[in-house]
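Asks: Residues per chain are reported as follows:
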Amino acid sequence: MPELMAGNRVFLDSAGVTWEELASRAMERGLGGGSASRIPRVAIIARDNAAAFEAVAVMARDRLDAVLLGYDRFSEGIRTLLVGSGYEVIEYPGSSTIAASGERVSNTMGRVGLLTSGTTGNPKLIRHTWETLFTVERATSHERRCWLIPYQVGTYAWFQLVTMGLFVAGQDLVPLKSEVSGAAFVETVFEYGVDCVSSTPTLWRLAFLEVPIQRLEEMQLRQITLGGEIIDQALLDRLRNLFPKTRISQVYASSEAGACIVVQDGKAGFPARMLDATSANAVQLKIQDGRLWVRSRKSMAAALGNNLQWIDTGDRVEQIGDRVFFLGRVEEGVINVGGTKLRAREIEEVILQHPSVLWCRVHPLRAPLVGNLPEADFVVTPKCLPPSDTELMAHCRGRLPEEGIPRFWNRLDSIPIQPSLKAKL
Amino acid sequence: MITREEIRELMNQILERQGKRTVDDEGETLRSIGFRSLDFSELALRVERRIGHELNFDASMLRRISSVGDTLDFFEEVSRRA
Chain E
0 MPELMAGNRV
10 FLDSAGVTWE
20 ELASRAMERG
30 LGGGSASRIP
40 RVAIIARDNA
50 AAFEAVAVMA
60 RDRLDAVLLG
70 YDRFSEGIRT
80 LLVGSGYEVI
90 EYPGSSTIAA
100 SGERVSNTMG
110 RVGLLTSGTT
120 GNPKLIRHTW
130 ETLFTVERAT
140 SHERRCWLIP
150 YQVGTYAWFQ
160 LVTMGLFVAG
170 QDLVPLKSEV
180 SGAAFVETVF
190 EYGVDCVSST
200 PTLWRLAFLE
210 VPIQRLEEMQ
220 LRQITLGGEI
230 IDQALLDRLR
240 NLFPKTRISQ
250 VYASSEAGAC
260 IVVQDGKAGF
270 PARMLDATSA
280 NAVQLKIQDG
290 RLWVRSRKSM
300 AAALGNNLQW
310 IDTGDRVEQI
320 GDRVFFLGRV
330 EEGVINVGGT
340 KLRAREIEEV
350 ILQHPSVLWC
360 RVHPLRAPLV
370 GNLPEADFVV
380 TPKCLPPSDT
390 ELMAHCRGRL
400 PEEGIPRFWN
410 RLDSIPIQPS
420 LKAKL
Chain L
0 MITREEIREL
10 MNQILERQGK
20 RTVDDEGETL
30 RSIGFRSLDF
40 SELALRVERR
50 IGHELNFDAS
60 MLRRISSVGD
70 TLDFFEEVSR
80 RA
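For the protein sequence lines, the chains are E and L, in the order given.
Sequential numbering of the first sequence, starting at 0, is according to numbering that gives the first Met the number 0.
Sequential numbering of the second sequence, starting at 0, is according to numbering that gives the first Met the number 0.
Source of the hints: derived by calculation from the structure; they are not laboratory data.
Note that this is a predicted model, so its numbers are computed, not measured.
Where hints are given, some of them may not hold.
Label-pair ranges, simulated between beta-carbon atoms [stated by the list, open to error]:
1. Thr-21/L x Arg-322/E: 57 to 67 Å
2. Ala-182/E x Thr-21/L: 36 to 46 Å
3. Val-333/E x Arg-63/L: 24 to 34 Å
We treat Cβ as the ideally placed atom computed from N, Cα and C, and that holds for glycine.
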C-alpha cells in the first residue's frame, strides 16, 4: 500500500484538517478502534462530507475492508446489496460503531468497495484496492496543490482525488461547499484558493452559464482535469482560450476498468497510437466491434489478481485517421430516421460547434412514416443571441445527412445536471 | 381542431426553416417545392402537437397525395377524426 501522507489537508472549513486529525475525530465518534487481528468488513454510509473524509481516513489508516457511500445514494435496495455481499452496514455518525459491531470479519485488508452509479442499470459493487485506485502518482509534480473534489462521495472519481490526497505529498482537497452548481464551484475555488479542478464537462458548462466570463478568467488554475463524460472539441477550445497557461488533461476512466487514458494535447478523443501498447504497458486498449476494450493493472480485475483480463468498457469508439473518438454508450442505441441510422452523439458534436450553443442533447422523437425524427434540447452561451431554429438547421446542413438534422429545437434555461455531475440524457 | 390555413402555415414554416420558398398555390406538387417524406413526417408531428392528439392513418391514404392541396386535405381530414 502506498505511504500515507498524514499531513495533507482536507478543507472542510477554512482552517483545513489533516488526515491524521480526521482519523482521530472518527475514533472519537466511534469509527475505528478495532483490534489489529480483527479486520471489520463494513459498509460506511456517511451522513455528510465531514463524515465521509473521516471515514476514508480510517479506512486507509486501518486498512479496513470497506465500502464508503454518501447518504444521498443510500436506499433499502443498496442496503440489501451490501448485506448480501457480506458487509455490515453502519450509518456514520450514528448509534452503531465498528468497535461495537461484531459479526462481519474480513480476511482481506485494504479492500475498497465502491458502487457504480447505476445509470445504465442497477448499481454494481466493484472491489478495488488502494493500489488499484491510486493511479495519479506519475502525473503529479508533488508541488503543493489544492484540488477541488466536487464528486459524489464514494464514487470512482471521488476516490481518484482522495487517493491523491492520501498518498501524494502536498495535495490538499476541497469538497464543494453547497449543492452542485456552476456558481458554487467557482466560489469554492476563490474561497479556498483552489488551483486544480477535476470535474465533468457539464460542471464547466454550468460555470460558463452562471458566472461572468471576467470572473472565470480570474481563477488562477494550474490544472484542469476533465472526465466522466465525452469531452468535445468546442469545450476544450473554450477552456484553452480562457486559461492559456493551465495544463488541461482529459481522463478516461471507469469504476471497472480504472483510469486508462490521459490526454493533454487539447484535442478531442485520443491518439490511435495508444492502441499499439503492448502487455509491457500498464494499460492496453483495443477496439472490437466498435467498442473500446481495456486491459489495465489498475482495473477491478487487477484488484482481484487478474492483470490479463480484457474489460469491455461499453463505450462506442471510432478511429478516424490517427485519432480515436468516443461516440457514446453502446446501450444508447441509434436514432433510426427512415432507415438511416445516426448516433445522437454525432449530431450533438455538430450542434456544439455552433458558437452560441453551450450544451445540447439529441434524442429520437417517434414520428409517422419515417419512424423517428431527431429532437434537440440546447442551452445558449451567455451574452449570445439565441440562434433561431432556422439558423441551427442551416449550421447542421452540410455537416450532417438530412435525416440527422433535428426538426424540433427546445431551448432550455439551464443544463439538467445529475448528482454525478453528468448531464441528464 | 386545426384549420386549413393553420396547416398551410405549418407547412410553410417547415419549408422556410430549410431555406426553401413558401407556397400559396395548392396545385403545386410536393416534388416541385421540395417537400419530402421527412417534411411530411414533421408536419404530422406539428399537427399532432397543435391539436393535442395523435393522428391515425394508414400508409395507403398517403399514396394519393402529390400536391400541396392533397396534403392540406389529408391533414384536415385526419385531424378532424383524431
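Asks: Hint by hint, say whether it matches the structure.
Replies: Hints and how they fare:
{"no.": "1", "hint": "Thr-21/L x Arg-322/E: 57 to 67 Å", "verdict": "violated, 43 Å"}
{"no.": "2", "hint": "Ala-182/E x Thr-21/L: 36 to 46 Å", "verdict": "holds, 45 Å"}
{"no.": "3", "hint": "Val-333/E x Arg-63/L: 24 to 34 Å", "verdict": "holds, 33 Å"}
Checked against the numbered hints listed earlier, the structure breaks hint 1 alone; every other hint is satisfied.
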